[in-house]
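According to the working numbering, the sequence shown is numbered sequentially starting from 1.
Rather than coming from a laboratory, the hints here were simulated on the basis of the structure. Only a predicted model underlies this, so the values are computations on that prediction, with no experimental measurement involved. For glycine and all other residues, C-beta sits at the position ideal for the given N, C-alpha and C. Where hints are given, some of them may not hold.
Simulated DEER-style distance windows between Cβ atoms [claimed, not checked]:
#1 ASP62 to ASP119: 29 to 35 Å
#2 PRO182 to ALA29: 29 to 35 Å
#3 ALA169 to PRO120: 17 to 23 Å
#4 GLY168 to GLY126: 42 to 48 Å
#5 VAL171 to PRO151: 22 to 28 Å
#6 PRO122 to ARG84: 35 to 41 Å
#7 ASP119 to GLU17: 41 to 47 Å
#8 PRO172 to ALA100: 20 to 26 Å
#9 ASP144 to PRO182: 32 to 38 Å
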Amino acid sequence: MPEWSFTLLVNQPLTAEQADAFDHCDAFADGAVSYTLGPENPGDHARVPDSGALEELSCDIDAPTLLDAVAQVARAVRLVPGLRAVGVRYDDIVTLEEAAQRCGRELSRQREEFTGFPDPEPGTGGTEFYSWRKIAEWLARVGDDVPETPPDLLVADRALRLADALEGADVPPGTLRALGLPVN
1 MPEWSFTLLV NQPLTAEQAD AFDHCDAFAD GAVSYTLGPE NPGDHARVPD SGALEELSCD
61 IDAPTLLDAV AQVARAVRLV PGLRAVGVRY DDIVTLEEAA QRCGRELSRQ REEFTGFPDP
121 EPGTGGTEFY SWRKIAEWLA RVGDDVPETP PDLLVADRAL RLADALEGAD VPPGTLRALG
181 LPVN
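Given the sequences, and given the hints that come with them, work out the whole structure.
The structure is reproduced here in structure tokens:
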């Protein structure tokens, strides 16, 4: 089963209580999902160098598809009181294995086989990392029709954003049906 790496966006930085619940939740026991805990005082969150990271979960999930992987984590996040998924994204920086997974094509470690293949990003240390955007542009130049953002990622992100927008909203069931959304 493939492993999918993505960033799940959550509705708020984790509180100390939520972090404790997260750490003791069986759904997260395998360590495939991680978070950044900010200062105890929520007023200090803005002073954290990368405060956006406080509302992100780094995920490496085994699942048949990316959509299944996102759904699995989004469902598990709801087990932590007050926390919910509100979006998902792929980061631009990838390994060759992650890039191959995104495009569904073997990308040889012998980059010299591929004329014009992007060089690794500078300063990435021992593991070589690449820009997905540059690889997608290269794939388009060699004739592969690979979207910069995979359809599964678009569906997952839009569904989570819609669910977040509907959270607590007073939308009549008839309106939801007219929009093509299921109503319980």
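Hint-by-hint comparison with the structure:
{"no.": "1", "hint": "ASP62 to ASP119: 29 to 35 Å", "result": "30 Å, holds"}
{"no.": "2", "hint": "PRO182 to ALA29: 29 to 35 Å", "result": "32 Å, holds"}
{"no.": "3", "hint": "ALA169 to PRO120: 17 to 23 Å", "result": "45 Å, violated"}
{"no.": "4", "hint": "GLY168 to GLY126: 42 to 48 Å", "result": "47 Å, holds"}
{"no.": "5", "hint": "VAL171 to PRO151: 22 to 28 Å", "result": "26 Å, holds"}
{"no.": "6", "hint": "PRO122 to ARG84: 35 to 41 Å", "result": "38 Å, holds"}
{"no.": "7", "hint": "ASP119 to GLU17: 41 to 47 Å", "result": "46 Å, holds"}
{"no.": "8", "hint": "PRO172 to ALA100: 20 to 26 Å", "result": "46 Å, violated"}
{"no.": "9", "hint": "ASP144 to PRO182: 32 to 38 Å", "result": "35 Å, holds"}
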